[in-house]
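Given chain A, work out where chain B should sit, using these hints.
For reference, the chains in residue letters:
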Amino acid sequence: MSSLYSLLTRSFRNMKENLLANLATICIIAISMLIFSAFSLITLNLTSFLQLWEKKIEVIAYLKKKIPPPEVEGLMRNIRLIRGVDAVKYVSSTEAMAFMESKLGSQKNLLEGIQSDVLPPSFEIRLKQDYRNSTKIKEVVLQLKEFSPIDEVQYGQEWVETFSGLVHIVRLMQWILGGLLTAAMTFIIANTLQMTISSRREEIEVMHLVGARPSFIQIPFYIEGLIQGLLGAALAMVSLQLLYGVFLSHVTLSMAGWLKKFPITFLPHETVAWFLLGGVVLGLFGSFVASLKILKYSG
Amino acid sequence: MIHVSHVSKTYPSQVSALSDVSLEISPGDFTYVAGPSGSGKTTLLRILFGAERPTSGEAVVNGIHITEKGLGTTYPLRRTMGIIFEEPKLLRDRSVGENIALSLEVTGHFGKKMREKVSQVLAEVGLQAREKDSILYLSAGEQQRTAIARALVHDPPLLLADEPTGNLDLRTTEDVLKIIGHLHEKGTTILFATHDMSLIQRYPHRTVYLEAGKIVGNVRT
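In the order they appear, the protein sequences are chains A and B.
Quick note: the first sequence, position 294, residue 343 per our numbering, numbers continuous.
Quick note: the second sequence, position 187, residue 184 per our numbering, numbers continuous.
Keep in mind the hints are simulated off the structure, nothing from the lab.
Just so it is clear, CB atoms sit at the ideal spot from N, CA and C, and this is done for glycine as well.
Honestly, I wouldn't trust all of these hints.
To be verified - Here chain A is said to cover these stretches of chain B; the calculated rule only asks that three of the stretch's residues, wherever they fall, bring their Cβ under 8 Å from a Cβ of chain A:
{"no.": "1", "stretch": "75 to 84"}
{"no.": "2", "stretch": "96 to 104"}
Unchecked claim - Here are the simulated distance ranges between beta carbons:
{"no.": "3", "chain 1": "A", "residue 1": "Tyr54", "chain 2": "B", "residue 2": "Ser13", "range": "47 to 55 Å"}
{"no.": "4", "chain 1": "A", "residue 1": "Leu215", "chain 2": "B", "residue 2": "Arg91", "range": "39 to 47 Å"}
{"no.": "5", "chain 1": "B", "residue 1": "Pro154", "chain 2": "A", "residue 2": "Leu229", "range": "52 to 60 Å"}
{"no.": "6", "chain 1": "B", "residue 1": "Asp130", "chain 2": "A", "residue 2": "Tyr54", "range": "18 to 26 Å"}
Bound-form chain A, shown alone:
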């Protein structure tokens, strides 16, 4: 207990004596982690937006006109046999017209004089959960196109592909930036601690001289790195939460109506915990790199 007290006392004394350098390090860690976590938050929301949107994806196969009902039945059976197809619903020309009228509401008189057979009959095909992504949808669409009565297949292809690409780019940027920021943070933590170690060179030499274990000398520096990493990460999470609050209260007001329905979520508790743990690990790693210098003063 006394030993732990002594270690903590030495750690805090080190931090106090190099207060400015320590505060600067904590701020730099916080800014770096804020950038990384902001990318994580954006990726998280874009991914869940994509998943939400993919859940609603339906494939519509438009048929050539005037196909006899027995052929429709046979075609439906064959479509159901395609891997990935969950359900198939036939929409006749009349049903399509009725649907359009319901969508137009009070303006349905625009359709007056138009025959229902102008609209082609179609199949609304719902896909299984794991087939609702751009790659798998393409597989289903290719098989659907092999049926000669099917004239055209639509599934919002461009949207899915563009959005998937966007998410992929954001995720890639997150990890590239994350890698660069991690290297920078390790360098900064190690440098700050090396300053502390240099300023305590005499003390380290004397401790070696009077028989201190290497761990007795190194642990306060590890604690210092750990505190820097943890405080930096905590500051980043608090800042991100504040920015998130500002975003929700101001930016979402100007968003388009359909976007308002989409829930913009904060990072889950587990992810926040991972970030804090990441800060701790980073701090420990930086202090480990710096503590190698202690060995130089062991004569």
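Structure of chain B alone, referenced to chain A:
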């Protein structure tokens, strides 16, 4: 206590500091290692407290073997001894008491027992009134006495002293030697490196003479 067998030390610059030195020191001995500057006194002591490794040969100190492979870690060896230098090597941002207590803290001693031991050893070196004072306010002699107190606070059986009176005036040197003499009377083994032949004449003990890294004399009183 100390067994030095055919120890040689050549530095990377090819300077030979010690050449085939063999030496035996029994528990309770007081031994001077004497010789002019550059004779190898400090190198011998540095090997004995694990700061240098011999190029060849072997030294055994308090049962710990020091060979050309060196020590994996120095702390078990250093806990068996006290070391003092010409420069006291004290921490200027700490008080006298804190400097001495450091030697106990590193071995896991804290609290009341530690404070009692610090007071006791301060009384032995005549500095009980200066416990709370900053090192900066001490004279050179008082600083050296603080260094001796730090070296002895954990009751080591061996004291290595590398020119501890080199920076002190005659009167202060006498004070320091009296303290070391008392320790010897209490049974501590002393290995004292000095170039001051008058000091050896005033306080005669066994003396090993070094010259250009070789033992050229071993006089027992």
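To test your reading of the hints: which numbers does this structure violate? 4
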